[in-house]
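Asks: Assemble the whole structure, with the sequences as input and the hints as a guide.
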Amino acid sequence: MGGHFVYMDYNATTPLRDEVKAAMIEDLSVYANASSMHEAGRRARDRIEKARAKVAALIGARDPVSIIFTSGGSESNNTVFNTMYDLGRAEKGGAKPRRKIITTAIEHPCVMNAARRLADEGFPVVFLGVDGSGRIDLAELERELDPNRSAGGPTLLVSVMAANNEIGTVQDIGAIAELAKASGALVHSDAVQAAGKIPIDVETWGVDYITLSCHKIYGPKGIGALYIRKGVRTEPLIRGGHQELGIRAGTYNNQGILGFGLAAELALRDLDSFAERMRGLRERLRKGIAAKVPDIRFNGHATHVLPNTLNVSFPGAEGEAILLSLDLEGIEVSTGSACASGSLEPSHVLMATGVGPELAHGSIRFSMGRGTTEDDVDYVIEKLAPIIRRLRRMSTLPSSVAAST
Amino acid sequence: MSDTFQWLYSPVVKEHFMNPKNVFDPEEGFTADSEGVVGNVKCGDQMMFMLKIKDDRIDDVRWKTYGCASAIASTSMLSEVIKGMAIRDAYSIKPADIASRLGGLPENKIHCSVLGDKALRAAIDSYLEKTGRPGAFKGEEAVVICNCLNITDKDIEQAVKDGTRNWEQLQAATKIGTVCGGCKPKAEELLHELVHIYGN
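Protein chains in written order, with our numbering: chain A, 245 to 649; chain B, 92 to 291.
Calculated directly from the structure, the hints in this document are not laboratory data. Each residue gets a CB set at the ideal place from its N, CA and C atoms; glycine is no exception. Each hint should be verified, as a subset may be incorrect.
To be verified - No farther apart than 30 angstroms at their CA atoms in a straight line, the calculated lysine-lysine pairs in the DSBU-like style are these:
1. A:K627 with B:K105
2. B:K245 with B:K229
3. B:K112 with A:K536
4. A:K627 with B:K112
5. A:K627 with B:K133
6. B:K105 with A:K536
7. A:K298 with A:K474
8. B:K133 with A:K536
What the hints assert, rightly or not - Heads up, incomplete: computed chain A residues facing chain B, CB under 7 angstroms, no partners named:
9. L568
10. S581
11. C583
12. P601
13. H605
14. L641
Replies: Here's what the structure looks like:
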């Protein structure tokens, strides 16, 4: 295979940082139940609380108690939506509770499906559309928040992801939360992709809930967190013991939490330099592809974008075929093509930006990270051009026609 | 990334994906006696077959496809299989024959291989029309779907070609399922597949 191996799928998951791996291995012998009162239990608990403070610091949360550890992003998101089910369902002394849910058409499937479940239960649910760059329209959000100008009554929750996993588009969560708060709605943001790549500050953003996942910031899989603003009621998704203020039962995942804490600490420490290096690599990749491959389209926002994410459509070539061709050259990426998902539907994110099915099927996401070098970027550019040329030569679809649609 | 871990598909699929046979090259000067195009770019695949036909035998073949690795490999394999074959025999090749020659395809990839034979059939149909025998092979290999009214898969295929897109339209066009209704699940599945193929 020539020996060159390039991982460019960091938005899917990241490798463990060496420091995190070493700390977790060292911690593996700590077997005590962190809920136990004896000394070993108290020692284990101390490590967890230190980790909690580090995760809180990553998102500017003043009080570590506002961080609840979960099994990951999907559980955190489901905890929020499950809470909305309880809040919106209850009749309080004859008063009708808020029930309307506003989210977007480009959320991660766990938010989309949790929102759809609420819609099935009779909640008014709105999936805000996005513009061609993947951003929501604040005027539309304002209109949806106003019961006099839209259906569904007063809004219970506004849930907008901070940054999109596929196209990297970053939303203005501060402005979104301000509008939502003015109408009395709760605000949630899935910040799984944003964490460690752009600054997050729960106070400036003014949100009630933030979802985090550890394996996207060079920590272990199977551990995540939900930030809950003080005083915001939250129902447990998993009931049981009194762990995590009764909001999330289950024996503490000692090593996962320890790894999360260290990964968060290092992500915060390195944030500026990491983001700057990523921006440089992204620009090198963008320019290189633009110079070597004709008739392409870059997806997502030009500036409000994650520094590590570049999404490109290659009209005339199909995404799975591109992905597998790159794979044979040792390059690992992802695609928005339906053929890679087993369904007939291409990426719902790209379709929401209005690019059309041809461009969605022919899209490739390059997501870079700590291990990516300039050599890697140059290797990808070198290998990509002939692959696209080859696939386009055997294609029924003229690339120039598709590129102009 | 390494040779030690198996590829997503069979080695035969990989070979035909990386080194496809009989791909149309505009510089080669291939002139076809007939062409057939099917597929729906919305669903991510489109296929074209070009045939040179001598004495009702496929003398040579070229193809193009916009599609995934399975689609490319399936079409490449199909193009090898039909060389020298009588058009009547080529007309009845089924996707399953091609999939098995490829060493199998994952369940969710079978639909990627169903376009090749349809494009081939479209090209043969076009040839038959040109040579004054329109629809000569129609009804061959037909499978009865609706037993009450003797409606075949070919009838449904023709209805879709003529513009049918949903169950109501299919019933209006063929009266299918208006007696016992027992064929509906099977017929709807076929309709869905055919709309995917001819729907655009």
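Asks: Could you run down the list of hints and mark each one as holding or not?
Replies: Checked hints:
The hinted pair formed by K627 (chain A) and K105 (chain B) meets the criterion: a straight-line CA distance of about 18 angstroms does not exceed 30 angstroms. The straight-line distance between the Cα atoms of K245 (chain B) and K229 (chain B) is roughly 7 angstroms, inside the 30 angstroms bound, and the hint therefore holds. Proposed proximity of K112 (chain B) and K536 (chain A) is supported: the alpha carbons are some 27 angstroms apart, at most 30 angstroms. Distance check on the hinted pair: K627 (chain A) and K112 (chain B) sit about 22 angstroms apart at the alpha-carbon level, within 30 angstroms; holds.
A threshold of 30 angstroms between alpha carbons decides the hint, and for K627 (chain A) with K133 (chain B) the separation of about 27 angstroms falls inside it, so the pair holds. With a CA separation close to 26 angstroms, the supplied pair K105 (chain B) and K536 (chain A) stays within the 30 angstroms bound. Distance check on the hinted pair: K298 (chain A) and K474 (chain A) sit about 18 angstroms apart at the alpha-carbon level, within 30 angstroms; holds. With a CA separation close to 27 angstroms, the supplied pair K133 (chain B) and K536 (chain A) stays within the 30 angstroms bound.
With a cut of 7 angstroms, the hint placing L568 (chain A) at the interface with chain B holds, because the nearest CB-to-CB distance is about 5 angstroms. Given the 7 angstroms rule on beta carbons, the hint for S581 (chain A) holds: about 6 angstroms separates it from the nearest Cβ of chain B. The criterion of a C-beta within 7 angstroms of any C-beta in chain B is met by C583 (chain A), whose closest approach is roughly 4 angstroms, and the hint holds. The beta carbon of P601 (chain A) is positioned within 7 angstroms of a beta carbon in chain B (closest approach about 4 angstroms), and the interface hint is therefore held.
Restraint check, H605 (chain A) versus chain B: the minimum CB separation of about 4 angstroms is within 7 angstroms; hint holds. Hint status for L641 (chain A): holds, given a least beta-carbon distance of 4 angstroms to chain B, under 7 angstroms.
In this structure, none of the earlier numbered hints is contradicted; all agree with it.
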